[in-house]
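Protein chains in written order, with my numbering: chain A, 1 to 306; chain B, 1001 to 1358.
These are calculated hints, taken from the structure and not from any lab test.
A portion of the hints provided could be inaccurate.
With a cut-off of at most 30 angstroms between alpha-carbon atoms, the simulated DSBU-like pairs for lysine-lysine come out as follows [said to hold, decoys possible]:
#1 B:Lys1116 <-> B:Lys1283
#2 A:Lys16 <-> B:Lys1283
#3 A:Lys203 <-> B:Lys1047
#4 B:Lys1283 <-> A:Lys182
#5 B:Lys1034 <-> A:Lys301
#6 A:Lys203 <-> B:Lys1034
Going by beta-carbon spacing under 8 angstroms, a handful of chain B positions derived as facing chain A [as the list claims (entries may be wrong)]:
#7 Ala1025
#8 Gly1052
#9 Ala1204
#10 Leu1213
Here are some chain B residues the structure puts well away from chain A; computed CB gaps all over 12 angstroms [stated by the list, open to error]:
#11 Ser1058
#12 Asn1154
#13 Val1171
Just so you know, even glycine gets a beta-carbon here, dropped at the ideal spot from N, CA and C.
Each chain is listed here by its residues.
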Amino acid sequence: MSGPAMPAQIRDRRAKRQRILVTPEGVALPLTIASRGARAGALMLDFLILMVSTVSLTVMMMFIGFGSLNGAVDEKLPGATEFIFVLWSLMWFIAWNGYFMFFEMGPRGATPGKRIVGVRVASRDGGRLVPEAIVARNLLRDIELFLPLVMLLSAPFGGGGAAGWAAFLWFLVFLLFPFFNKDSMRAGDLIAGTWVLEAPEQKLATTLSSEGAVGAGTSNVTGAQYRFGDEELSVYGEYELQTLERVLRDGRPQAIEAVAETICTKIGWNPGAGDERAFLESFYGQLRARLESDMRFGKRKLDKFS
Amino acid sequence: MRAPSIAMFSRSAEIKAAPDIEAAALRSDRFRLKREGEWQRLENILKELEKGRLRKLSDDDVLALPTLYRMAASSLAVARETSLDASTLAYLESLVQRAWFQVYGPRLGLMAWMRKFLGGQLSRSIQAIWLDICVALFVMVAGTVTGWLLVSRNVEWYYALVPGQFTDSRVPGASREVLLETLKVEDSAQGMSAFAAQLFANNAGVSILAFALGFAFGIPSLMLLVHNMAVLGAMLWLYSSQDLTWEFIAWLSVHGTTELFAILLAGAAGLHIGRKMAFPGQKSILASAAESGQRAAQVMVGVVTMLIFAALLEAFPRQLAGTEARAIIGTFMLIFWLAYFFGFGRRGKYPKIDEAAL
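Here chain A stands alone, though its shape is the one from the complex (with noise of 0.2 angstroms):
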């Protein structure tokens, strides 16, 4: 089947970050281990909020700082600048550290910049996420981040000569972290038993048989009847089933002349042209009912090769 189908790889790829939790109910819920990449990209968001909010503080501070000075030239500063300079070393301080553990703890397990990009950080043994393990993960990201980061700066320089060399390559380690294990944890997720899972949020679609030719297998174009015999709904199996819900649902003309062409070559039947959706939704709705009435068997049909 042609279309906008998922290639293999991703679907792979996918898998491979797929873990399965046992909810105490004895449900099996899918967990998706959050990308690499999309970790990355929150990070940089969180770190692009981070700079804007902190640099414009500190101008403003600054500001009433300068403002404050009235004009006083001996070394002793008055009180108003003292008590702004005050405020904006804590302030630098409150906001690299508490940044991410104030968003972390929230109810979302998230930071704004996780958020956008839709991952979460959760507990790795399924219990609740615990403060300690959120101060833990974020003490890290010095050792992490920051100083392969500035190791990478001052080594090729030689400031520190072969030691130098040696320290960024050890702490390039750190950095490299998520690489080498299969859950993508960094060295914080570690100590704190935490990971970071996507945190997909759908939406409910709308029921498909209760709109179109998927119920009747009428056309409401050309009033035509579909009906497909045993043979003809028995080339596909689920796989295929669902791909062709997304198309459906995607709603392009040009994916649904396609399939709807793919699939009439397929079961032997001369493909006419203008009707093409309301074919491929009395086919979906057929091909539907009748693998969920063989499951109901506990008879499965994967995809068209099983």
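Guided by the hints, dock chain B onto chain A, whose structure is given.
Just chain B, lined up with the frame of chain A:
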């Protein structure tokens, strides 16, 4: 009872017309349409919870959450066996996952956590890493002694050990008056709070690094402790050579008992993780790392708190108080921390359940 509010009116818009169940041709779609309302209600509750607006939820909704979660979970189990509608399955999976995070992730509020943390949890965590504290303490004492011995053998070591910023007037051969001048009492508190804030930010950054390096390096982190304490040993020798040992220790002890204690704990916390990963005992390495990491994180929260105290002490009493007052404050702080960490929150007094809830 819910008080009337504007939200009452906006909510009615979310209630859609009842789905036409009979119109759905497929059995699995009829199953879905019958339950859709419950799923939507669960989703609305989750949305409020994820935004942290627990107060906006009615009592009914809060009470219904576990039931709705179980219904959605059973819907998912049924749908997996009867429905091939990929989008419904994906929706249910994400819905149940989100609900699971909320139902099985009951959080302590920050205040409740702080109360538990300060009311014994911190002390217990510190008691649990006693072995690492002993190692770090030994290393720190050894570092001080080394610094002293090196400088007393050969004065050149002083310049190698003590960083340039300290060598202003505090150099070997300086007269007693010059050294005493560096320990003098300030007459006003102006500029002190700015000094304190800078000290805190700097020390906290360093101790976090010491902690992180403890996990990464183990031994080099201890070497870091040795080096820093050697500086202290060298300066101690310098002041004692002019017979100012007592004044110098008093000057240092005001904040030093708190600050050095905090650095000791930070190094020990890092060491603890490294040790537990190297020797996980009965547990798996991952479980052992996670447990020790969370314990060490609690210690680190304590360390940062101590450094706030240290910075305040360093900025005000050290600069403003005389020698005897400095020594008294320093000793008092040391006794206070020791009593709080080792005399408070002993294991025996608390039921085991408390430990399991960690």
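Original post:
Are there hints from earlier that the structure breaks, and if so, what are their numbers?
Top reply: none
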